[in-house]
Amino acid sequence: MAAQKKIILIVTPEVEEARRMMFGLAKQFEDVTVFHAVDGQDALTKMRNAVPRVLITDLELPKVSGQDLLRETLSDPALAGVGVLVLSDIPDHSSLADDVVRGKLKAISKPVDLNALFEAVSGILAKPMGGHEATFQIRFLSPGDLIFKEGEKAECAFLVKKGKLRAYRSGIKKVTLGTISAGEFLGEMAYINGEPRSATVEALEESELVEIPLGTLDLLIFSKPAWTKALLKTLAARLHEANQKKGLRAT
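Going by the numbering used here, the sequence shown opens with residue 11, and the numbers climb by one from there.
Rather than coming from a laboratory, the hints here were simulated on the basis of the structure.
Backbone N, C-alpha and C fix where the C-beta goes; we use that ideal spot for every residue, glycine too.
A portion of the hints provided could be inaccurate.
As the list claims (entries may be wrong) - Across the chosen pairs, the derived CB separations fall in these ranges: (1) 60 to 208: 42 to 48 Å; (2) 120 to 226: 27 to 33 Å; (3) 87 to 181: 33 to 39 Å; (4) 38 to 215: 36 to 42 Å.
Said to hold, decoys possible - Keeping only pairs whose Cα atoms sit at most 30 Å apart, straight-line, the calculated BS3-like set for lysine-lysine is: (5) 171 to 120; (6) 163 to 37; (7) 174 to 163; (8) 16 to 120; (9) 159 to 171; (10) 174 to 120; (11) 73 to 174; (12) 183 to 163.
From just these sequences and the hints, can you work out the full model?
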């Protein structure tokens with residue numbers, strides 16, 4: 011009995027570009043079937059009828075936006091085995107393309123170079139569907155959303171890829187402890203001391219974070235120098251803030 015072909019779903023309103031990618035992928039990979047959806051709603055319907063192995067999506071989509079399509083795909087347990095490839099005009103150093111989350115989510119720039127597309131798809135197809143290769147994931151927050159609350163058990167740390175958040179303690183009134191911006195770690199003290207969350211953190215604007223389970227953080231920061239640098243930068247900033255507060259109390 012022949013092995014079932016893997017499904018690749020391309021989501022873009024650009025029909026000619028979709029045809030170019032479909033033809034190239036079908037020629038490059040013998041064991042795939044390639045489908046096209048013209049908008050986010052069409053993509054969700056197709057994915058729930060037949061779960062793809064690879065989702066290739068534009069960010070600007072009609073009906074259901076690319077961001078909403080990403081949220082649905084990354085949060086739905088039924089789609090846990092789907093590898094996502096974002097087609098983005100954003101330059102390589104941006105929040106989506108610089109050190110973008112790999113395994114579960116990758117990105118390539120537009121206009122799409124077919125060789126780069128083949129390499130990215132090949133990497134996704136080489137990983138076992140439904141496996142545990144994705145040790146971290148992207149979280150999207152809107153203004154006012156909480157990422158965690160004071161006193162909660164800590165299971166993850168976060169790297170802020172985009173946006174701004176604030177940490178505060180609750181009492182008679184909220185006491186702001188500081189703000190966290192793109193390039194900084196969040197919740198890193200739980201990684202160091204294993205204690206519950208010492209503050210509540212909420213998004214001040216549309217934000218994008220990488221959620222990293224504490225049990226995998228050692229491996230990830232040593233395999234990603236940029237993350238190690240971000241963690242050290244964050245710890246240095248926290249130490250500087252603490253020293254400043256001690257100095258103020260001493261005067």
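Here is how each hint holds up against the structure:
Checked against the given bound of 42 to 48 Å, the beta carbons of residue 60 and residue 208, roughly 46 Å apart, stay inside it. For the pair residue 120 and residue 226, the beta carbons lie near 31 Å from each other, so the given range of 27 to 33 Å is met. At about 38 Å, the beta-carbon gap between residue 87 and residue 181 stays in the expected band of 33 to 39 Å. At roughly 40 Å, the beta carbons of residue 38 and residue 215 sit within the given window of 36 to 42 Å.
Of the supplied pair hints, the one linking residue 171 and residue 120 holds, its CA atoms being roughly 21 Å apart against a limit of 30 Å. Between residue 163 and residue 37 the alpha-carbon distance is near 50 Å, which puts this suggested pair outside the 30 Å criterion. At roughly 23 Å between alpha-carbon atoms, residue 174 and residue 163 fall within 30 Å of each other, so this suggested pair holds. As the CA atoms of residue 16 and residue 120 are separated by approximately 24 Å, the hinted pair is consistent with the 30 Å bound.
In summary, the hint linking residue 159 to residue 171 is supported, as the alpha carbons are separated by about 20 Å, within the 30 Å threshold. With a C-alpha separation of about 27 Å, the suggested pair residue 174 and residue 120 falls inside the 30 Å cut-off, and the hint holds. Under the criterion of a C-alpha separation no larger than 30 Å, the hint pairing residue 73 with residue 174 is consistent with the structure, at around 28 Å. Of the supplied pair hints, the one linking residue 183 and residue 163 holds, its CA atoms being roughly 23 Å apart against a limit of 30 Å.
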